[in-house]
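Once you've looked at the hints, go ahead and assemble the two chains, each given alone in its own frame, into the complex.
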Amino acid sequence: MTVEALTPDAIAPRRRRSIRLFGHKPNLTAWIGLIIIALNIAVAVLAPLIAPYPQADIVGDAWADPDRLHWLGLDNLGRDILSRLIYGARLSIGLSSLITGLAFVIGIVCGFTAATLGGWVDAVLSRIVDLLLSMPVLIFAFMILSVLGTDIPVLIGTIALLNATLVFRLARAVAMTIASLEYVEAAKVRGEGTWWVISREILPNAIPPLAAEFGLRFCFTFLLIAALSFLGLGIQPPLADWGSMVKDYRDMINLDSAAPLYPAAAIAILTIGVNFVVDWMLSIHSRGHGEPA
Amino acid sequence: MIAQRFALGLMTLFAASLLIFGGTEILPGDLASAILQNNATPESLAAMRKELGLDRPAATRYAEWLSGAAHGDFGHSLANKREVANEIAPRLKNTIFLALYAAVIAVPLAVGLGLLAAINQGGVFDRVVNVVTLMTISVPEYFLAYLLIKYLSVQFGFFPSLANVTPNTPILDRMTLTFLPMVTLVLVITAHMMRMTRASVLSVMASPYIEMALLKGLPKWRIVVRHAFPNALAPIISVVALNLAYLIVGVVIVEAVFVYPGLGQLMVDAVSKHDVPVVQACGLIFAAAFILLNMGADILAIMTNPRLRHAR
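As given, the protein sequences belong to chains Z and G, one line each in that order. According to our numbering, the first sequence holds residues 154 to 446 in order. According to our numbering, the second sequence holds residues 81 to 392 in order.
Derived by calculation from the structure, the hints in this document are not laboratory data. Wrong hints could be hidden among the right ones.
Residues on chain Z that point at chain G, a partial pick, calculated with CB under 8 Å [as the list claims (entries may be wrong)]:
#1 M288
#2 N407
#3 P413
#4 T424
Keep in mind it's a predicted model, so treat the numbers as computed, not measured. Built from N, CA and C at the ideal position, the CB exists for glycine as well.
Looking at chain G on its own, in the form it has when it is part of the complex (with noise of 0.2 Å):
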């Protein structure tokens, strides 16, 4: 089961690679005519599609890409001819920081706000935090950060508004740096997880083996933490998973609120100046990282719960 659930999700990633390489391919308007814009004479097109090599066979190109891709070789940037891989991997490390940062702090509080929520099921403390997280599922992330950055940076500047970490910030000046910004993200995903881990857990609480639990007269808390979390367990951890892909896209504006130089902000950069081999190339990687937590999030669950173990 797990090996046919890593095959699948190897799949999936070849296809994402291809959907990527034939999305820039395909459309009309290509690599030459978006790169010389409103300068573009057949002449000209014919020049460029020649340099960037566009007029051999897409095929060829794909696979070109997709093993150099493979070797951590993007190919050179259009916008200023440096390598991709180079531009890449600083800002690669900032973001996997930063959201590392905001998941270390987020998925035990989630679950724990979300089992004390479950225990307390009906309870005003339930009621509140479920109309609380619903309101900061609805909000936009830049709506969180710039109220964040209104009260807790410019009125009271407890904070830095601007997260301009360099690569030789040290870890506990980048820890107060990204401090802002990392609590926008938990704030976010915090609201989702802690809902699905309410839900998952009460669903488990209608079973019968939880009533006998009750009828044998054991507290509530006892029940929940010992009888329901465990079997709740996979639910669980693919919300959390998935809410860490959540966190891949939550990243790019959260990056730009607050300038942070991360791999978003480098693609969002890349799409305005149609500097298409570094969109490409964040693309790849923040597909695969999204793929490849979902993928994870599947055999977890797999290992954690016995009777996912066999075939249907």
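So here's chain Z without its partners, still in its complex pose (with noise of 0.2 Å):
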């Protein structure tokens, strides 16, 4: 009998189809994280499907009010403010998910490196994290921009890297425990190979604490680059993304407008679903180690 069928999940009856997410069904809050998650990704896949204008396109007075055409109204140049959002989904959610990838394999690759080598490489490369993260995030961003100026490519880079640190940290603990934990070694003694270890043994266990880190980071990273956006500091015209919506239309509030609350609105919409799925898998994971939620 293999470990893994002595797993609660193992023994539960598995022919109710019912959808499960890590092996786990997922509860009411996760769901509506789900379902956020799932529109905003659909929306910013087929943005030129659904907006009703294209993006750029002046379709009539500036600041007019909502109404059957322009649901949402228009914005300081007479542009459609839903179609501009329905677009800024794509820069804002597509430019996150890359940096946060990006940032997952710097930070997996140094953390895993760190932890099988040890020794001066482990001390250098701890330290160098360390003293990143002396500092507040935001401040130490600043520091770069400042000097490269806010190309695209930079705050890509600098995104990545502060957030390769804090995924460093995590990859490095995660692959000092797994390998000695107790059903890593059953299934050495069990003389399964090395690839049958790490694929069925350690990577089950170690996704969903990675998927909800990778939740985490993404939220890390859509709200730094919609913070600098809303500073001026992140993405430039003509590109718009959600934060720099938030900027453009800021001053439209004091007119008794919801303009600006829109692209913020969008911006917190998704963090809050992304954090409810995030929740969720933490308290499984927390369940799956025999602690009741």
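Printed below as a string of structure tokens:
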């Protein structure tokens, strides 16, 4: 009998066809989060099909009120706000995903290297990370951007590097602990090959915490880019992400228009959605270790 | 132990100053080309480098910069040639005022709510607070800020939406003007601190002596306040300090929303103008505050928890 067969999941009958994620049924808030994420991705991918108008087209007077043709009204140049939001999703979500992915590659490679090689490599990498984390992230980003300017490649590199430091810490810790867990030892004693141990024993157990971490890092990246854009130091015109839209529309709030609230709400809703899912994934992770949730 | 932690903090601060200076030095595209932007010819670059003293070795300039900074002399701004220290001083006062204003209200509120939620664990209050705080944490500061402006300021006119204080604004007016920025900051950090307070009280609640107290028949609130809270104090203190450190970053964005003349605004302006001396000075101040708060948290934790006083 394999060790895997003893987990409660394997004992429970699998005949009931319910939707599962990582072997668990999502709860209500997790469902809400999943739906929000799916909708956002769909909007970003299908933007040209969904958006009622091209994003740069001037379709009426500046700051026209919402009507039947323009649900959220028009912006400072007379562009359709809803269409710009839909196209903004591409830049905001696409860029954040790219950066988070990059940070994971850097962080995991360096983290695993540090954990396996140990010695001075580990010491040097860990001290560098400590140093980078000794300063608030936003402030550190300011330092780099003030010298290199705010081109998109610079933004990607800077934020990926800052994110990678946090991934590095997790990856290093995961690599250190997982190899010493009992079920891994048991598999090794059974005479399983290294590849089998990694793919069947380590990976399935490492995925929930790593996926949760990915969600957290994504939120972090997404909010950081939006914050930089909002401060005028991120995405520069003519490109627009949600953060720079908040900045462009900010003065309208004093005229009792909700314009800056739409892009800000889009940012808020997506981060809330991701956090709901992350919260749930962390709770199943801790339940997996026998603690009541 | 405390001396050791203090020394570590000073070392980190020193390393951070090296990073701030080195970061702006080593990166490609030096100060001179940043100032000249597109007008840079090899000759004008060389002249500008000479004027800024960039032709001397970096180590010398770092030593000068650091000793100057220690005396409060951060050099001159590139944008308007004024002394950086004079630019910073009034801004720093404003930022500290706003941060303190928020902290004084947020800390007791967060600890109180955290305790209430812990007493009420699993109850309606606990669950509602859990979802609400999770949402507050996820949302960007400017979203909360614009919501507050729209409803409290524009529609009902309770509070001003611009925090345009001057050095001569009397304290009471100042408090009204900065009311909305303060509320925004309080909302964000209270949610964090409250969740952590609840979590650390609950983790203490799982220990055997709490069960003992429960079996003695003590009321729940008494157990939480008298037995669990003192032992959860160390993690709570470090959470409070961490969040105060977070205030430093949150302040940058909130200042931008309310056009509040603080240090964060100054830094953002300086970054977009490539005004490196100002960026360096602001960065050093922010980093120092961040590092000192973290150090203070650890030292307080050591003092409240005798078990940490002996080396492992």
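**Prompt:** Which earlier hints turn out false for this structure, listed by number in ascending order?
**Reply:** Nothing - there is no hint that the structure violates, so all of them hold.
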